[in-house]
Amino acid sequence: MSLFLAEMSVLAALLSSLVALAAGRRIGRTAPFACLGLSGAAALLAGVEALSGGASVTAVLPFGLPWLPWHLRLDPLAGFFLCVLGVPLIAASLFGPGYARELQHGKSPLSVLGLFTGLFVAGMELVLLADDAFFFVIVWELMSVASYFLVAFQHEHSANRRAAFLYLLMAEIGAIAIILAFGVLAGFAGGLTFDAMRGVALAPAWASLAFTLALIGFGMKAGLVPLHAWLPEAHPVAPSHISALMSGVMLKVAVYGFVRFVFDLLPATFWQWGVVVLAIGAGSAVLGILYALQQQNLKRMLAYSSVENVGIIFMALGLSLIFRGGGQTQLGALALLAALLHCFNHALFKSLLFLGAGAVLHQAKEHSLELMGGLIHRMPKLAAVFLVGCLSASALPFFNGFVSEWLIFQAALQAGVLGSGVLRSVIPAASAVLALTSALAAAAFVQVYGVAFLGLPRSHHAARAREVHHRGMLLGPALLAACCVAFGIFPYPLINALGTVTGLLTGEHLPQASALGWLWLTPVSPEVSSYSPPLLLLGAVAVGWLCYYALYRRGGPEPRRAEPWDCGFGGLNARMQYTAAAFSMPIRRIFQPVFDVEERVDTHSDGPGRWHVTGLAYHLQVADRAWNALYEPFGQGVTRLARWVGRIQTGSVRTYLAYSFFTLLVLLWLIS
Numbered sequence: 001m002s003l004f005l006a007e008m009s010v011l012a013a014l015l016s017s018l019v020a021l022a023a024g025r026r027i028g029r030t031a032p033f034a035c036l037g038l039s040g041a042a043a044l045l046a047g048v049e050a051l052s053g054g055a056s057v058t059a060v061l062p063f064g065l066p067w068l069p070w071h072l073r074l075d076p077l078a079g080f081f082l083c084v085l086g087v088p089l090i091a092a093s094l095f096g097p098g099y100a101r102e103l104q105h106g107k108s109p110l111s112v113l114g115l116f117t118g119l120f121v122a123g124m125e126l127v128l129l130a131d132d133a134f135f136f137v138i139v140w141e142l143m144s145v146a147s148y149f150l151v152a153f154q155h156e157h158s159a160n161r162r163a164a165f166l167y168l169l170m171a172e173i174g175a176i177a178i179i180l181a182f183g184v185l186a187g188f189a190g191g192l193t194f195d196a197m198r199g200v201a202l203a204p205a206w207a208s209l210a211f212t213l214a215l216i217g218f219g220m221k222a223g224l225v226p227l228h229a230w231l232p233e234a235h236p237v238a239p240s241h242i243s244a245l246m247s248g249v250m251l252k253v254a255v256y257g258f259v260r261f262v263f264d265l266l267p268a269t270f271w272q273w274g275v276v277v278l279a280i281g282a283g284s285a286v287l288g289i290l291y292a293l294q295q296q297n298l299k300r301m302l303a304y305s306s307v308e309n310v311g312i313i314f315m316a317l318g319l320s321l322i323f324r325g326g327g328q329t330q331l332g333a334l335a336l337l338a339a340l341l342h343c344f345n346h347a348l349f350k351s352l353l354f355l356g357a358g359a360v361l362h363q364a365k366e367h368s369l370e371l372m373g374g375l376i377h378r379m380p381k382l383a384a385v386f387l388v389g390c391l392s393a394s395a396l397p398f399f400n401g402f403v404s405e406w407l408i409f410q411a412a413l414q415a416g417v418l419g420s421g422v423l424r425s426v427i428p429a430a431s432a433v434l435a436l437t438s439a440l441a442a443a444a445f446v447q448v449y450g451v452a453f454l455g456l457p458r459s460h461h462a463a464r465a466r467e468v469h470h471r472g473m474l475l476g477p478a479l480l481a482a483c484c485v486a487f488g489i490f491p492y493p494l495i496n497a498l499g500t501v502t503g504l505l506t507g508e509h510l511p512q513a514s515a516l517g518w519l520w521l522t523p524v525s526p527e528v529s530s531y532s533p534p535l536l537l538l539g540a541v542a543v544g545w546l547c548y549y550a551l552y553r554r555g556g557p558e559p560r561r562a563e564p565w566d567c568g569f570g571g572l573n574a575r576m577q578y579t580a581a582a583f584s585m586p587i588r589r590i591f592q593p594v595f596d597v598e599e600r601v602d603t604h605s606d607g608p609g610r611w612h613v614t615g616l617a618y619h620l621q622v623a624d625r626a627w628n629a630l631y632e633p634f635g636q637g638v639t640r641l642a643r644w645v646g647r648i649q650t651g652s653v654r655t656y657l658a659y660s661f662f663t664l665l666v667l668l669w670l671i672s
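With UniProt numbering, letter number 42 in the sequence shown gets 42, and the count goes up by one each step, no holes.
Calculated from the structure, these hints are not laboratory results. Watch out, some of these pointers could steer you wrong.
In silico lysine to aspartate or glutamate, DMTMM-like type, Cα no more than 20 Å apart, as pairs [claimed, not checked]: (1) Lys381 - Glu467; (2) Lys365 - Glu102; (3) Lys365 - Asp195; (4) Lys365 - Glu467.
The following label-pair restraints were derived from C-beta to C-beta distances [stated by the list, open to error]: (5) Lys365 - Arg647: 48 to 54 Å; (6) His155 - Gly191: 38 to 44 Å; (7) Lys365 - Arg161: 52 to 58 Å; (8) Arg600 - Thr212: 38 to 44 Å; (9) Lys365 - Val666: 47 to 53 Å.
Treat the numbers as computed from the prediction; the structure is a model and nothing was measured. Note that CB positions come from ideal geometry on N, CA and C, so glycine has one too.
From just these sequences and the hints, can you work out the full model?
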């Protein structure tokens, strides 16, 4: 039944594409999203059933090559990621119709958006269900190409075309690495099915080669530093509900591919792999959030925040590989569970934030934080929902982001059981990086919420913003906000379900998790650490009520409202407020070697000399150092190589035939 539901989710996604092409203008704005909602619901139900049942269900489709039909498999790992896909997809389907009203005035028809959205969703679902390398690569390419057209949807803007090309280029480079990784396993297994690959015996050198190729291929799609250059370019220009699916779901599909390849298909695990993954994840986490702090574009800031959270996920995966390689399989299972839980949590709160950002852009007509402000007074409902996303992304207690990061810390704190002194030093250092990342994330989202929603409006559009009119544009983010709070206070049912996945991949089910009952999380043992969100929440509410009672009920005179003191000025205005650039300036100064910063102050005067200044203009540009140090030199080298190779383009057919004949002779000699 679970595989049938998964197949129905794929068919519903494909149906949304057909409906988008065939339906009229008004119906075409709602019917495709209804089909996507059904697809998300079916995927969620299939995932829940796969997690609860714990068994694997397979099927063979009569497509593909004559000797290799397409294989499907739904096991607890695929089922969990179907849940990761299903919830944000339902929210995006609620949000989409209202947001599409704004898009229908553009040059690109909505039918194109609906067509490729359905193909994009179907591609992600089929990647999770694929059980052979050939089918996996085909649907992986379907996912990549469909999302390319979604990024390029508003192609009348040059920035969108540039971002789409960069995304497609890096996606194809990653796909080549994935194909080569599968090729290594298939060459020794003698077949392309995953069952054949699971039983293969590999020498350490070949296993490490396959691991490296998989890390490059899947890491490029996930957005690991320094392979992240496409992500802050593509996510801001895509339609907001597509940005939510790309950041909340597609990045997790890449994580799924890495977990499937390394934890399921590769026959061995070496702790050195874990050190590499841990180091790359730590670098991605801290650099991602540092660059997020320097962004004035709201969606670009959220894109860099996704780089940070993907880095946190890979830090947990690196810990799991280290513990498994060191013989500590139970701690390896704990770290893997924390990584998967953070996948789910990030899918919830980042989809919420991108949908909320879309609603802000829809109503305030501004992309820059510096032109927002005061939106909490004009969009109070959306402001409350967006605040939940910010608190979850900041990993504060009572919200889902805290639970998964707390579990990662609990796994890292057990590094003392490892026999290697190097590992006992590396893991605490990575834990310090994770703690720094968490603090910077809190600062980043204080900046976002404070500048965008608090204070006075900084532009005419922000002053005229109103609450969204279409209920779905508020209902979709509100659904995700409710999930963030629910899984932050009651995470145990989800963690218990994830025990099925860790049991499949590591053979460990974390028996201590329920040692103190369902109200408590005990990742290692009751003597080491435990955490009870419901009881902690009750305690916080009780303390808050007592403080309120002491101050306002028994504290003397009644409180009164008054205008804030303005330091003797005639009146406060928006130009007196903190800007996003000013808020992040201390971080920019402290971590100056990390950034490529260009600052300039221009003066304007109406008379001779420098004392007749009538205005100042401050210009700030923070470039991604990875782009300037790696991608621009690489692009310049490719351009020079292309110009040099272009010399052989003589325009003579006979010359080209000679080239072909010579190449054929060389290939025949190599084969012989």
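Quick rundown of the hints versus the structure:
Note on Lys381 and Glu467: the hinted pairing holds, with a Cα-Cα distance of about 7 Å set against a maximum of 20 Å. The hinted pair formed by Lys365 and Glu102 meets the criterion: a straight-line CA distance of about 11 Å does not exceed 20 Å. Between Lys365 and Asp195, the direct Cα distance comes to roughly 52 Å. Violation of the 20 Å bound is thereby established for this hinted pair. With a C-alpha separation of about 13 Å, the suggested pairing of Lys365 with Glu467 holds against the 20 Å cut-off.
Range check, Lys365 to Arg647: Cβ separation about 51 Å, and the 48 to 54 Å hint holds. The hinted range of 38 to 44 Å is satisfied by His155 and Gly191, whose Cβ atoms lie roughly 42 Å apart. At roughly 23 Å, the beta-carbon separation of Lys365 and Arg161 lies outside the given 52 to 58 Å, and the hint is violated. For Arg600 and Thr212, the hinted distance range of 38 to 44 Å is satisfied, since their beta carbons lie about 42 Å from each other.
Between Lys365 and Val666 the beta carbons are some 60 Å apart, a value that contradicts the proposed interval 47 to 53 Å.
In this structure, the hints that do not hold are numbers 3, 7, 9, in rising order.
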